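**Student:** Got chain X; can you put chain W on it based on the hints?
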Amino acid sequence: MRSTTIASLAAVAALTLAACGGGGSSASSGEGGPISGEITVLTHRTDIVDTVFADYERRFKEIHPGVEINFEAITDYDGEVRIRLNTQEYGDVLMLPDAVTKDQLSQFFEPLGSLEEMSRKYRFATEKAYEGQVYGIAITGNANGFVYNKRVWEQAGATEVPKTPEEFLAALQAIADRTDAVPLYTNYADGWPLGAQWAGHRGAISNDPDAVNDLASTDAPWTPGSELHIIDSLLFDAVQRGLTEPDPTTTEWELSKQLLGTGQIATMNLGSWSIVQMREAAANPDDIGYLPFPVQVGGKFHSVISGDFKQGINVHSDNKAAARAWVDWFADQSNYATDQGGISPLVNGPEPTTLSDFTELGVEYFERTPEPAGEEGLVDRIDDESEIGITEHLYRQRIVDAARGARAETKEQIFAELNQRWAAARAETD
Amino acid sequence: MPRGLTPWLFLLGPLALLVLFTYVPVATMFYYSVTDWDGLRRSPDFVGLENYLEIFTRPELFEVFVVSLYYFGASFVQIALALYFATVLSFRVRFANLFKGILFFPYLVNGVAIGFVFLYFFRPDGVLDTLLALLGGEGITRQWLGDPAAVNYSLAGVSVWRYLGLNFVLFLGAIQSIPAERYEAAELDGANRWQQFRYIILPGIRPVIGLMFILAVSGSLSVFEIPYIMTGGANGSETFVIQTINTAFRFNDFGLASAMAVVLLAIVLLVTWLQRRLVPEERGVS
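In the order they appear, the protein sequences are chains X and W.
Heads up: the first sequence at position 279 corresponds to 279 in our numbering, and the numbers run straight through without jumps.
Take any residue in the second sequence, count from 1 to its spot, add 430: that is its number in our numbering.
Simulated from the structure, these hints should not be mistaken for laboratory data.
Accuracy of the hints is not assured; some may be wrong.
As the list claims (entries may be wrong) - Reference listing, derived: stretches of chain X covered by chain W, where coverage requires no fewer than 3 residues with Cβ under 8 Å from a Cβ of chain W:
no. : region
1   : 62-72
2   : 97-107
3   : 182-194
4   : 391-397
Predicted model only: the values in this text are computed from it and were never measured.
From the three backbone atoms N, C-alpha and C, an ideal C-beta is built for every residue, glycine too.
Chain X on its own, in the form it takes in the complex:
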């Protein structure tokens, strides 16, 4: 009995102490002097925080010897950091969680400079900008497409790059007929591969940088010929024709990389960030190639490029000077984007070698236009209100289930219901 009491008293004491702790890392530098102090950097890269990031720290300290950096790698980054934003303790430097809407940016993050000035130097500056101020710099940038195993595609005789969804499905059919590979792997069980990876093609299909913003002014985003109709139909048709994995509910992301590398999977729909990881998992890295979404406008393929996570500074940071030094150094000198096979955030940064397939095909890149002033976050708000989640996986899992016969719904019924929910939500959202 006695020892438990002592234990609970100790627990209370520990809680009290913990409440007093934290926020003790203030050592900001004087104006103009050398930058010093201690900063905490939150990162989602749990895989390379002890290796690549340790090396970044070493290189950064050659320039700013007075700065101490603590990395904090978080597995469920978006989920965890979004909750921590309700406190003041979310590191000094962090990746801006996507849940923060543009009008909330100034509540949590330090402005880094005017949009006009920042966009002269950096790509993707508009993505986390509000009322002319930029709050985050992209750590790298991605194009969108399908990562595929060239050897398997060749083996199936699919050597022409498909230019229409029908040609794409025909190529998948050839793979199914002539090889043992799964033609298109959805990664259904992990969820996220059915979310933003598919939604990322919006804009590229109609070669329209305003395509996403225009969703705010339509009552039927899933009409034949519309982007979402084309994207989600491709998914539905591929599943319905049996061109995807037989049991989608037991897929596994980490394993899928090896399966693509060894040719047991032919194709996956993933952003260009995945190419480096796929090559690492492949027996022969040259087998891994990248295809654009099978639609051409004016005889050309297009791909939207957009920023990965954007790095910014906690508005409550005690050491903003050191935090700023890290953000600038990371964007300008770390070479993170190029090392990870991504598009450099620097306007005059080098072309990534991972996208050489796109260069050969003459794929044209463009960034989406930010929403017009006063309408920031409107499409997201309609999306939340409708509970569809265009960049989430839930409704695409439903599409897969219907297509494989696990739900008694036709494609047309699903699209009609989605349109109806979108229209209702649009009427409710201001």
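**Tutor:** Relative to the frame of chain X, chain W by itself:
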């Protein structure tokens, strides 16, 4: 120091933890349920009962309770099995402690780990299919998680495996608190094992069985962990709590999600109350 104060002093630690980690969060949940908070905004707007109105005007939100029926059905299997094992192991059995350990072990394992273990168990050509093939049961092999007719049975099966140990230990404790003289007397009178179970054990543990059914009902209404980890609620395995999580974290409506949590709490309390009224518990006079 006044004598009356001492017990409170001892209770200070646990009570502080209870208030901090149970009552304060529940109170804030009630508060959020009458706001339109998106999970981030500093000052959420008060919307009164709007969220509750929305819940009760959207019948599709309650459709997912059909899934709870699978778990409720499974809880009968679970209670029956637990009672069987507890009874058998309360008699003199060789290696009794080993079997007790084996039965209780799954309850100690982290739920996330169990989810992953069973993902491998259920995948095509996985452990279950291999076992079935060895036993000549290839015919009943199916996509255990992919087949919409099978997925909820598979998940409920995992739930039985996981929580059996808890029921088992509670039953065992109750059975062992029955005085040994009664068994001796029963044996002298020539009662067999079944009669001992029927007329000594069953009446002796009646309150515990009542408790089990209350736990079974509230447990099957608020199933979360196993389906969330294994299927994420896909393929028709979505439960009310998964739906609540999605409302909060995918569609950024913490107000509505909190109201859904309050409604679930109310439903559980209501069902428990009904159960107590329908099956009154005997007072502990034997």
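**Student:** Can you give the numbers of the hints that this structure goes against, from lowest to highest?
**Tutor:** 1
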